[in-house]
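Undergrad: Each chain, letter by letter, is given below.
2 protein chains.
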Amino acid sequence: TIVALMTTRNESTATSASLSGRVVTITAGPTREPLDPVRYLSNHSSGKMGFALAAAAARHGAEVHLISGPVTLPTPVGVTRHDITTAQEMSDTARQLAKESDVFIGCAAVADYRAANVATHKIKKQANRDGMTLSLVKNPDIIADVGGMTEHRPFVVGFAAETRNLEHHARDKLERKGLDMIVANDVSLEGLGFGADQNAALILWRPDATTPLQRRELPARDKAALAETIIGLIIERLMTSNDSKQTP
Amino acid sequence: TIVALMTTRNESTATSASLSGRVVTITAGPTREPLDPVRYLSNHSSGKMGFALAAAAARHGAEVHLISGPVTLPTPVGVTRHDITTAQEMSDTARQLAKESDVFIGCAAVADYRAANVATHKIKKQANRDGMTLSLVKNPDIIADVGGMTEHRPFVVGFAAETRNLEHHARDKLERKGLDMIVANDVSLEGLGFGADQNAALILWRPDATTPLQRRELPARDKAALAETIIGLIIERLMTSNDSKQTP
Numbered sequence: 009t010i011v012a013l014m015t016t017r018n019e020s021t022a023t024s025a026s027l028s029g030r031v032v033t034i035t036a037g038p039t040r041e042p043l044d045p046v047r048y049l050s051n052h053s054s055g056k057m058g059f060a061l062a063a064a065a066a067r068h069g070a071e072v073h074l075i076s077g078p079v080t081l082p083t084p085v086g087v088t089r090h091d092i093t094t095a096q097e098m099s100d101t102a103r104q105l106a107k108e109s110d111v112f113i114g115c116a117a118v119a120d121y122r123a124a125n126v127a128t129h130k131i132k133k134q135a136n137r138d139g140m141t142l143s144l145v146k147n148p149d150i151i152a153d154v155g156g157m158t159e160h161r162p163f164v165v166g167f168a169a170e171t172r173n174l175e176h177h178a179r180d181k182l183e184r185k186g187l188d189m190i191v192a193n194d195v196s197l198e199g200l201g202f203g204a205d206q207n208a209a210l211i212l213w214r215p216d217a218t219t220p221l222q223r224r225e226l227p228a229r230d231k232a233a234l235a236e237t238i239i240g241l242i243i244e245r246l247m248t249s250n251d252s253k254q255t256p
Numbered sequence: 009t010i011v012a013l014m015t016t017r018n019e020s021t022a023t024s025a026s027l028s029g030r031v032v033t034i035t036a037g038p039t040r041e042p043l044d045p046v047r048y049l050s051n052h053s054s055g056k057m058g059f060a061l062a063a064a065a066a067r068h069g070a071e072v073h074l075i076s077g078p079v080t081l082p083t084p085v086g087v088t089r090h091d092i093t094t095a096q097e098m099s100d101t102a103r104q105l106a107k108e109s110d111v112f113i114g115c116a117a118v119a120d121y122r123a124a125n126v127a128t129h130k131i132k133k134q135a136n137r138d139g140m141t142l143s144l145v146k147n148p149d150i151i152a153d154v155g156g157m158t159e160h161r162p163f164v165v166g167f168a169a170e171t172r173n174l175e176h177h178a179r180d181k182l183e184r185k186g187l188d189m190i191v192a193n194d195v196s197l198e199g200l201g202f203g204a205d206q207n208a209a210l211i212l213w214r215p216d217a218t219t220p221l222q223r224r225e226l227p228a229r230d231k232a233a234l235a236e237t238i239i240g241l242i243i244e245r246l247m248t249s250n251d252s253k254q255t256p
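Respectively, the protein sequence lines represent chains A and B. The numbering of the first sequence is this note's numbering, which starts it at 9 and goes up by one. The numbering of the second sequence is this note's numbering, which starts it at 9 and goes up by one.
Honestly, the hints are just simulated from the structure, not real lab data. Some clues are possibly wrong.
Copies of one chain are not kept apart here, so a pair can be met inside one copy or by any two copies together.
[Said to hold, decoys possible] Derived BS3-like pairs (lysine-lysine); straight-line CA-CA distance at most 25 Å:
(1) Lys185 - Lys132
(2) Lys146 - Lys185
(3) Lys185 - Lys130
(4) Lys107 - Lys146
Using the sequences and the hints given, assemble the complete structure.
TA: Right, dumping it as structure tokens:
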């Protein structure tokens with residue numbers, strides 16, 4: 009039992025050098041899109057999953073860059089943090105870092121749209137108007153931009169937070185955005201996903217251009233444990249692709 | 009100097025019974041208006057000012073109800089907290105409590121508008137559309153509803169967070185919403201207002217129907233100190249109005 013205990017401890021706090029010399033960039037948390045100096049559009053992402061991935065990648069020896077929206081989480085040990093507010097700021101930082109990264113993980117819940125015009129002063133409520141319309145324009149699609157890179161393209165992992173048709177949306181997003189792997193989770197399930205400490209996930213990836221998609225379904229577990237599994241799968245993919253490059 | 013020190017300490021942690029037997033209801037923090045299960049409209053209110061007011065009112069012996077939007081602050085000692093998310097929920101709770109309150113302080117940054125339709129499932133981005141319009145409808149005007157009460161009307165204190173024309177907007181809001189007192193602050197000033205620990209304020213109130221508005225300008229200070237000053241002014245108003253009732 010002593011050996012068993014030691015093995016367990018060894019696995020849970022595992023440090024390895026399997027990502028030594030690799031640069032991993034991760035986006036995390038929500039973005040906030042201002043409407044005026046006091047109001048904004050945002051979403052319920054807590055950043056926990058992205059921060060757990062950053063911690064796991066750092067434990068495996070990677071140089072980790074974490075691009076984070078406004079969250080209230082401490083920076084994991086050994087991780088370089090880049091704080092941003094809007095999707096445009098996240099995109100600018102991500103484009104810079106992606107070129108120098110071996111792995112890019114888009115875990116942030118990036119706002120799809122921002123206000124067409126951001127008011128300089130607080131918008132006053134109009135007493136005579138019962139409603140108003142807000143004009144929104146599309147934000148940059150960060151993960152699709154990285155997925156579509158033609159030079160120095162990293163291994164690209166996306167996330168899909170869905171409330172229905174999980175696998176359908178995940179397959180569609182992986183193809184459409186040119187991803188190498190996607191982690192999909194159902195955010196409508198009680199106690200999982202946004203803000204929660206646990207997550208269940210369906211992971212899809214394509215071993216090579218001619219092989220059909222592989223899938224792995226992971227039941228609910230701590231975000232730290234899920235992060236460890238995801239980083240493990242990414243390491244496997246990196247090693248396989250290195251092998252195939254070395255033995256043509 | 010020992011006496012001076014003791015006086016200082018006595019003032020800063022002052023407990024008095026001047027609000028004993030009085031019910032004070034305070035709204036605090038932002039509201040969040042959902043667009044779909046993951047997205048929402050909100051604002052930068054941290055809740056600090058409202059929580060400081062609740063703590064000050066409790067120290068003066070009041071029965072305090074604090075209606076709070078989503079914030080990350082601990083409940084002050086001796087305060088009953090009512091957690092809400094949307095403006096409609098805040099309005100429902102406020103209408104109930106206002107009838108039984110002697111003082112109502114609207115310190116929350118209530119969203120003026122909410123989505124006309126809240127989507128049950130996550131809204132998918134339309135690949136073929138560069139923009140979208142969001143239809144918003146007006147939320148209940150909580151402070152105006154309480155200000156307009158004709159029976160069991162409490163003493164009503166509003167807040168005005170502005171980025172320009174501070175006094176003009178404050179006077180207008182006090183008149184239009186039927187308030188007894190208004191605390192106005194300029195949220196465009198660096199290090200003051202939303203999220204900050206300090207606040208400067210302009211306080212306006214009308215001693216009685218025939219007297220012109222009184223004004224008091226308070227330079228930047230801790231939100232706790234500002235709260236103490238505001239509660240002190242409210243106690244003065246309550247005592248004066250009691251006196252005038254007793255001596256017609």
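Undergrad: With reference to the structure, classify each hint as holding or not holding.
TA: Quick rundown of the hints versus the structure:
no. : hint            : in the structure
1   : Lys185 - Lys132 : between (40 Å within a copy, 15 Å between copies)
2   : Lys146 - Lys185 : within (16 Å within a copy, 38 Å between copies)
3   : Lys185 - Lys130 : between (37 Å within a copy, 19 Å between copies)
4   : Lys107 - Lys146 : within (24 Å within a copy, 46 Å between copies)
Going down the numbered hints, you'll see the structure goes against none, and every one checks out.
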